[in-house]
Amino acid sequence: EAQVTQNPRYLITVTGKKLTVTCSQNMNHEYMSWYRQDPGLGLRQIYYSMNVEVTDKGDVPEGYKVSRKEKRNFPLILESPSPNQTSLYFCASSLYGGGYEQYFGPGTRLTVT
Amino acid sequence: SQQGEEDPQALSIQEGENATMNCSYKTSINNLQWYRQNSGRGLVHLILIRSNEREKHSGRLRVTLDTSKKSSSLLITASRAADTASYFCATDGWGNEKLTFGTGTRLTIIP
Numbered sequence: 001e002a003q004v005t006q007n008p009r010y011l012i013t014v015t016g017k018k019l020t021v022t023c024s025q026n027m028n029h030e031y032m033s034w035y036r037q038d039p040g041l042g043l044r045q046i047y048y049s050m051n052v053e054v055t056d057k058g059d060v061p062e063g064y065k066v067s068r069k070e071k072r073n074f075p076l077i078l079e080s081p082s083p084n085q086t087s088l089y090f091c092a093s094s095l096y097g098g099g100y101e102q103y104f105g106p107g108t109r110l111t112v113t
Numbered sequence: 001s002q003q004g005e006e007d008p009q010a011l012s013i014q015e016g017e018n019a020t021m022n023c024s025y026k027t028s029i030n031n032l033q034w035y036r037q038n039s040g041r042g043l044v045h046l047i048l049i050r051s052n053e054r055e056k057h058s059g060r061l062r063v064t065l066d067t068s069k070k071s072s073s074l075l076i077t078a079s080r081a082a083d084t085a086s087y088f089c090a091t092d093g094w095g096n097e098k099l100t101f102g103t104g105t106r107l108t109i110i111p
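Residue numbers (this note's numbering), protein chains in the order written: chain A, 1 to 113; chain B, 1 to 111.
It is worth saying that the hints were derived from the structure and are not from the lab. This one's a predicted model, so the numbers in the text were calculated from it and none came from an experiment. Glycine included, C-beta positions come from ideal geometry on N, C-alpha and C. Just to be clear, a hint being listed does not mean it is correct.
Here are the simulated DSSO-like cross-link-like pairs (lysine-lysine), alpha carbons at most 30 Å apart as the crow flies [as the list claims (entries may be wrong)]:
hint, chain 1, residue 1, chain 2, residue 2
1, A, 57, B, 26
2, B, 98, A, 18
3, A, 17, A, 57
4, B, 69, A, 71
5, B, 69, B, 98
Stretch by stretch, here's where chain A covers chain B in the computed footprint (C-beta under 8 Å, at least three residues) [what the hints assert, rightly or not]:
hint, segment
6, 29 to 42
7, 82 to 96
8, 101 to 108
Using the sequences and the accompanying hints, generate a full structural model.
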């Protein structure tokens, strides 16, 4: 089954404790991206990647890191999480870029206390 | 920055009626897409319309695009209870693979 998976689905952590949210797709997509969703603000893109070893900032990259060492994986790293990073996070992938149908993962609900 | 703004923010209609929601954006686009989201789950792609297209249909969905007004509308005909969800537009620009989503319209279908 073609899908985007994210882990963990739920995470509660404390300020400053480094964490990684994994994202993997099995569709051989070139493009992968991360979003955060907050009430009243819709989805905002954090980072995107056009291919292996190619990443670019989205609209809200501050406080986040990403890497794309393999085509299928695109982990999101919060090196020192803060409470304002409490949010619902989505990973997505598409065949070639932002102008193609995006396939979304199920989401990761992160709470930073 | 928020490229897309949906209007209205919330909409409630009776089952069987048509639902129309609008999206306005600020800068020139390459494509515009509509997505549906059920209760905090992952978004599902509905339809994509390119900047050189004016109208597109998919089943009960009709999307229009007016680049001169920088706006798009999504029409859902003969609504069903299962259409209850949030709907988002998303745009990408020429030579820019960044994808920008709007704030969404919350649609409630009353049985």
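To see whether the hints hold, each was checked on the structure:
| no. | hint | verdict |
| --- | --- | --- |
| 1 | A:57 / B:26 | 20 Å, holds |
| 2 | B:98 / A:18 | 27 Å, holds |
| 3 | A:17 / A:57 | 23 Å, holds |
| 4 | B:69 / A:71 | 39 Å, violated |
| 5 | B:69 / B:98 | 22 Å, holds |
| 6 | 29 to 42 | holds (count 7) |
| 7 | 82 to 96 | holds (count 4) |
| 8 | 101 to 108 | holds (count 4) |
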